[in-house]
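Colleague: Those protein sequence lines, which keep their order, are chains L and X.
Quick note on the working numbering: the first sequence kicks off at 22 and runs consecutively.
Quick note on the working numbering: the second sequence kicks off at 36 and runs consecutively.
One should not assume that every hint holds.
[Said to hold, decoys possible] Output of the computed footprint for chain L on chain X, the stretches with three or more beta carbons under 8 Å from beta carbons of chain L:
{"#": "1", "segment": "75-89"}
{"#": "2", "segment": "100-110"}
{"#": "3", "segment": "123-131"}
{"#": "4", "segment": "224-236"}
{"#": "5", "segment": "242-248"}
{"#": "6", "segment": "275-282"}
Derived by calculation from the structure, the hints in this document are not laboratory data.
All figures in this text were calculated on a predicted structure; none of them were measured in a lab.
No residue lacks a Cβ here, since even glycine has one placed at the ideal position from N, Cα and C.
Below are the chains, spelled out letter by letter.
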Amino acid sequence: MKEQKTTALNLTDEEFVFPGNRACAGCGLSSLYRIGLKAIGRDAILVVPPSCLTVMQGLYPIASTQLSVLNVTFASAASAASGVRAALKAKKNDHTRVVAWAGDGGTADIGIQALSGAIERGEDFLYICYDNEAYMNTGVQRSGTTPRGTVTANTAIHGKQQQSKDLPRIIAAHSPAYVASCSAAYPTDFHDKIRKALGMKGLKYIHIHTPCPTGWGIEDRLTVRLGRLAVETGLYVLYEIEDGEMKLSSPSAKLLTKKKLSPVSEYLAPQARFKSLPEEAVEALQQEVDAKWETYRSQMT
Amino acid sequence: MFVFESGNVAAATGVKLSRAQVIAAYPITPQTPLTEKLSVFVDAGELDAEYVAVESEHSALAVCIGATSTGARAFTATSANGLLYMSEQVHWTAGARLPMVMCVVNRGVGAPWSVWNDHQDSISQRDAGWIQIYAKDHQEIIDTVIKAYRLTEEVCIPVMVCYDGYYLSHTYMPFEVPEQEQVDAFLPPYEYRHQLGPENPTSLNTVTLPGRRPDLDGNLAPGYMEIRRCLHTELRQAIEVYERVDSEFKAMFGRGGSPIAERYLCDDAEYVAVALGSMSNQIKDAVDELREEGIRAGLLGLSLYRPFPSEFIASELSGRKGVVVFEKALSPGNTGALFGDTRAALYECSSRPFLRNYILGLGGKSYKTSDFCGAIRESVEAGSEPCDHPGWIGLNR
Chain L
22 MKEQKTTALN LTDEEFVFPG NRACAGCGLS SLYRIGLKAI GRDAILVVPP SCLTVMQGLY
82 PIASTQLSVL NVTFASAASA ASGVRAALKA KKNDHTRVVA WAGDGGTADI GIQALSGAIE
142 RGEDFLYICY DNEAYMNTGV QRSGTTPRGT VTANTAIHGK QQQSKDLPRI IAAHSPAYVA
202 SCSAAYPTDF HDKIRKALGM KGLKYIHIHT PCPTGWGIED RLTVRLGRLA VETGLYVLYE
262 IEDGEMKLSS PSAKLLTKKK LSPVSEYLAP QARFKSLPEE AVEALQQEVD AKWETYRSQM
322 T
Chain X
36 MFVFESGNVA AATGVKLSRA QVIAAYPITP QTPLTEKLSV FVDAGELDAE YVAVESEHSA
96 LAVCIGATST GARAFTATSA NGLLYMSEQV HWTAGARLPM VMCVVNRGVG APWSVWNDHQ
156 DSISQRDAGW IQIYAKDHQE IIDTVIKAYR LTEEVCIPVM VCYDGYYLSH TYMPFEVPEQ
216 EQVDAFLPPY EYRHQLGPEN PTSLNTVTLP GRRPDLDGNL APGYMEIRRC LHTELRQAIE
276 VYERVDSEFK AMFGRGGSPI AERYLCDDAE YVAVALGSMS NQIKDAVDEL REEGIRAGLL
336 GLSLYRPFPS EFIASELSGR KGVVVFEKAL SPGNTGALFG DTRAALYECS SRPFLRNYIL
396 GLGGKSYKTS DFCGAIRESV EAGSEPCDHP GWIGLNR
């Protein structure tokens, strides 16, 4: 049975996170987490390594999440989630959902080995990576997913010189049950993809582009605007991969029929983190994006 | 039932009898035959457990942390660099107060690489907050694993069961395998009181401030330091709990009775050797030989190393003429760790023996009974003369 598409109208009123958490104003993760837990529901155990989410959880003895949460070491989200699943199996519990929820550093860098191992073993849980493209919780240092040219606390003068890892592609190369990319600016798409993933056996991976006003140097009110621009300029693509087949999700699929996409400079300009990006780099990035969409158009239309 | 098997199989059999529900392991010599055996038990349907073949030791303990927090009895085992690779998780397990048993099949730590035995691996983790018990033979290995589960689930502090690589892991000895029914009676099913799940939403291991902080009802919850002190206090109390667990084990299985240390010819001994693990067996031969020469020697073969049984050590060793501590580990730049602990425990005794420290067997360096005799003779002759600790046995041969 196909699930109904999520809309603002059919989203449950039930809340799973208490209001007033410790996230920064305008935090992309904060709204995502709220929507994500609505999709996950109460019969779940979350596994969280150090990240902004750890801080959002609250300080002992008060917690903002109404679900069971196991906070674990930085490198071990996927392996600790494997342990939670193993215990549930041992106790013949086949209904409780196991969800690891980590940042880009905890996934692309220090946690990639454990995640790779978990996918190879065919573990049964959902892994969500919210990607705000740097180590925000420790004060904005470069991570494996930080884009080239980004100014961070440890690439302060010239910006990061290396290209970012395409993490969903790396995960997809392991052939897990499901891979999807999402954006914090498209919460109903995220909700749909979680619902779909939770209906599958095996390891499911969801990657979310997550604007961060504090780390990106944008106004608090621009979180959603920037998230949308990343998708509308074609820079960040929303898609799903099942059985090796990639399918664009509707916010990105719409771009296939557009003659001209918004220029990437519209996305880059409001962000202080791209202040060191020279004109030529912006042009090169535009060419990269144009070429990518040329390929998509030829393959998918 | 008596069997003739290796030390690793003794450990695996103890884990099986304890009905571990989740086993996670990464191969490292000389631990491998233990976890291979467990995978066979699981595959053959003799043990109803999830066997998770992880990609690293760090993940092995992560799986056990996740499983134990979700209410399953978990097991892992490792050696040497594998233990060090999981060190962050070793500390985490104790801080999270998770009941767990891990076998450490003792091996020297690289660099340079060594696959052979010493105690540097587990001794280096002595401050992680785990209980550490060292077995001397195969019977002690299997019995200690079973007792360790009972202990860890009572005190919510993880237990390392340590035994010597090769000397015990790969040698064969006869030992008695307890009956499953009896083990079931001794070790009730695991119930974790803070278990994760939808019925009772719980956030475990959240960020904790240095100071105490009120909960929603206004009751003050402990801060980080109060939580750490609690671990320390309950670790000290675990000595008594282990003594009780051991006496209940003895009542049921007829073995045990010396959970902290084996005392060999200690009653009238003027000179007492102190050691951990299987070398104690060899020191007994040395004690016999020295007694024939007229030196009244004895052995305190220590099993419980953490929590350190300071009061037991003080009462056993105070009033002796001399104490010689033999160790297969070193706190480089200082002395052997056990020597330091022993010396500290004796500081407040009115009648302090002289103390000497010998380091031996590092990276599998061989040692003989005559080495122990020689070291004890040398110590007796030197008495309380100042010396440069530690002495070394077996260098340049």
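Colleague: Look at each hint and say if it fits the structure.
Modeller: Results of checking the hints against the structure:
no. : hint    : in the structure
1   : 75-89   : holds (count 6)
2   : 100-110 : holds (count 9)
3   : 123-131 : holds (count 3)
4   : 224-236 : holds (count 5)
5   : 242-248 : holds (count 4)
6   : 275-282 : violated (count 0)
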